[in-house]
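Numbered according to our numbering, the sequence shown spans residues 24 to 103.
Derived by calculation from the structure, the hints in this document are not laboratory data. Possibly wrong hints are sitting among the right ones.
Claimed, not checked - Label-pair ranges, simulated between beta-carbon atoms:
id, residue 1, residue 2, range
1, Thr84, Thr42, 14 to 20 Å
2, Trp90, Asn38, 30 to 36 Å
3, Gln44, Trp90, 32 to 38 Å
4, Glu40, Leu78, 22 to 28 Å
5, Ser72, Phe94, 19 to 25 Å
6, Arg37, Glu101, 31 to 37 Å
Being a predicted model, the structure only gives us computed values, none of them experimental. Note that beta-carbon positions come from the ideal geometry of N, C-alpha and C, so glycine has one too.
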Amino acid sequence: MWPLPPADRGERRRNGEYTSQERDVLAFAEQWTLAGRVDEAVVDRLKKSLSAAELVLLAATVSQANWACRFNNVFGVELP
Numbered sequence: 024m025w026p027l028p029p030a031d032r033g034e035r036r037r038n039g040e041y042t043s044q045e046r047d048v049l050a051f052a053e054q055w056t057l058a059g060r061v062d063e064a065v066v067d068r069l070k071k072s073l074s075a076a077e078l079v080l081l082a083a084t085v086s087q088a089n090w091a092c093r094f095n096n097v098f099g100v101e102l103p
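Between the sequences and the hints, there should be enough to build the whole structure, so can you do that?
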């Protein structure tokens with residue numbers, strides 16, 4: 024299923040194929056990856072549906088994935 028092209032992810036969101044929590048998790052990851060920050064409204068919604076430990080794990084996972092992708096891009100590492 025992954026990676027889906029961005030247009031497919033947007034279509035799936037509009038069709039209701041993701042829960043509201045899943046949409047917020049995707050928004051968190053995409054905003055942080057693209058803009059280096061996350062809208063306060065997204066974080067507030069996630070605080071209502073995730074525990075503090077889960078929110079930290081989400082942030083750690085997104086930051087690790089971003090770091091790995093940037094590292095691989097610098098050295099031209101091709102992923103399968």
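For a quick check of understanding: which of the numbered hints are violated here, in increasing order?
The structure breaks hints 3 and 5; every other hint is satisfied.
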